[in-house]
Amino acid sequence: MSDTTGTGTGTDAGTAPATETTVSVRMYNVGFGDCFVVTVGRADQAWRMLVDCGVHSQGRAQVDGVSRTIGEVVKAVIADLTAVTPAGSPPRLDVLVATHHHQDHITGFAVADWEAVEVGEVIVPFVENPNDKDAQALRNSLVSTATKLNGIIEATAKRKEKNGSGFTDALSLANSFAINSMGNAAATDRLLHQNGLHFLEPTHDIFFAPDRDPAKNVIPTSIDGVSIHILGPSRDPKQLSLMNPPASAEWLQLDPDQGLEDDDTPALFPAIYVVPDDEHDELPTELTKARASLRLSQLATSDAALLGAAAVLERSVNNTSVYFVLDVAGTRLLFVGDSQEGAWEHVLDDAESRALVSNVAFYKIGHHGSHNATPKSFVESVLGDGAYAMLPWGLVKKWAETIPKAELLAALADHKTHVIRADAPVAETTQIEVGPGQLWSQVTFTVP
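Numbering of the sequence shown is given in numbering that gives the first Met the number 0, commencing with residue 0 and proceeding in unit increments.
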């Protein structure tokens with residue numbers, strides 16, 4: 000992490016004259032989850048952003064056979080921030096982005112240690128806005144559906160246990176999806192400074208992304224020439240409803256772990272969610288009925304149907320991810336959360352947004368390298384050659400053979416992308432540094 004002078008000293012790879020601008024991305028190895036600290040330095044200025052902090056319940060990083068807890072990672076992040084903070088001042092993050100409410104992206108914010116950290120602004124997707132009636136309808140529908148679905152799954156497992164079987168592979172995976180989609184109430188409370196939880200200060204600025212005013216979706220920073228461009232999620236309900244890409248755009252036509260053809264998967268968003276172009280400014284009133292389309296009462300007799308419903312729910316939350324570009328004087332870094340087809344289509348079909356994500360210096364690989372997160376067209380026609388990409392990944396046994404997608408990694412390799420894996424980082428160039436015990440890996444760019 001860069002020190003406060005922004006000169007690339009301390010733990011940054013290499014050194015740079017004080018007049019140069021550097022930007023580093025540090026990925027913490029939480030396991031199957033995301034946690035990134037971005038530091039921009041110029042002369043005596045430093046600006047820092049945290050993107051997500053969470054881990055999947057079944058995918059914690061393993062250190063000498065022992066699981067690394069998210070609390071340990073939080074302590075490491077705060078210690079690293081403290082080490083580059085002037086004596087007598089609290090550790091500080093200028094911006095904190097929580098891309099979406101899946102547990103593998105936000106559970107870390109439930110840890111009480113954050114009360115020692117000063118946070119300037121929190122960016123969350125618009126569905127978290129408690130004052131947006133339509134957003135709350137969607138948010139509440141997702142969470143309540145996850146909670147109810149998880150209850151049905153557990154009840155089904157208990158019934159099967161009485162018959163000598165219990166959790167099948169399908170039920171275990173469905174349970175994992177449902178729990179992940181339930182979010183984390185304490186983490187959300189801290190992010191929104193509510194119910195007595197907060198960072199160092201009782202309140203902080205909150206930006207619900209994207210704003211309805213396009214001009215407000217370009218967020219300046221304290222360093223000239225450095226800005227955040229919010230490109231997603233889309234507020235268009237037609238695109239939010241696109242939970243899975245067409246077969247021609249997937250790395251595989253079927254996720255083997257799902258066990259269902261897409262056409263057989265219960266739909267979270269019914270046909271009423273697709274609205275005419277001239278009505279896109281408002282979400283349909285029927286949105287509050289979305290969870291009913293899962294037909295939860297009819298699912299308890301089928302493990303495969305429960306898994307299919309949980310998989311659709313998982314995708315729906317992914318597509319609310321904050322999707323943004325950090326532009327550092329022309330050097331662009333792309334963070335997409337777990338965005339899937341609807342979010343990618345929203346960006347790539349818009350000429351201005353497509354230009355921002357073209358030939359980026361850095362790409363945070365979406366959804367841990369899953370088959371349904373990074374479009375082929377992006378890798379083959381937009382990303383460009385020679386970029387650096389970080390893959391936040393930890394072993395979840397059920398996905399050991401499917402995530403990360405081998406075809407995706409091969410396509411990135413074909414375009415000479417430097418892929419840095421959280422679980423096995425290698426300092427293959429002088430721009431990459433690996434921390435002690437592989438706790439973190441970091442890539443640093445000097446901006447021309």
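Incorrect hints may have been included.
Straight-line alpha carbon distances no greater than 25 Å define the calculated DSS-like cross-link-like pairs of lysine-lysine that follow [claimed, not checked]:
1. LYS157 / LYS396
2. LYS415 / LYS397
3. LYS147 / LYS157
4. LYS147 / LYS397
5. LYS147 / LYS132
6. LYS159 / LYS375
7. LYS415 / LYS375
8. LYS375 / LYS157
Label-pair ranges, simulated between beta-carbon atoms [claimed, not checked]:
9. GLY64 / VAL217: 29 to 37 Å
10. GLY87 / ALA350: 33 to 41 Å
11. GLY87 / ASP112: 38 to 46 Å
12. ALA354 / ASP112: 57 to 65 Å
Hints are computed from structural coordinates only; laboratory data are not their basis. Glycine residues also receive a C-beta, built at the ideal position from the N, C-alpha and C atoms.
Right, here's what the structure says about each hint:
1. LYS157 / LYS396: Holds: LYS157 and LYS396 sit about 23 Å apart, inside 25 Å.
2. LYS415 / LYS397: Roughly 29 Å between the alpha carbons, so the hint for LYS415 and LYS397 is violated.
3. LYS147 / LYS157: Within the cut-off at roughly 15 Å; holds.
4. LYS147 / LYS397: Roughly 23 Å separates the two Cα atoms, so the pair holds.
5. LYS147 / LYS132: holds (22 Å)
6. LYS159 / LYS375: With Cα atoms ~41 Å apart, LYS159 and LYS375 exceed 25 Å; violated.
7. LYS415 / LYS375: holds (15 Å)
8. LYS375 / LYS157: The given pair, whose Cα atoms are some 42 Å apart, is violated under the 25 Å limit.
9. GLY64 / VAL217: 29 to 37 Å: violated (47 Å)
10. GLY87 / ALA350: 33 to 41 Å: violated (49 Å)
11. GLY87 / ASP112: 38 to 46 Å: violated (19 Å)
12. ALA354 / ASP112: 57 to 65 Å: violated (40 Å)
The structure shown violates the earlier hints numbered 2, 6, 8, 9, 10, 11, 12.
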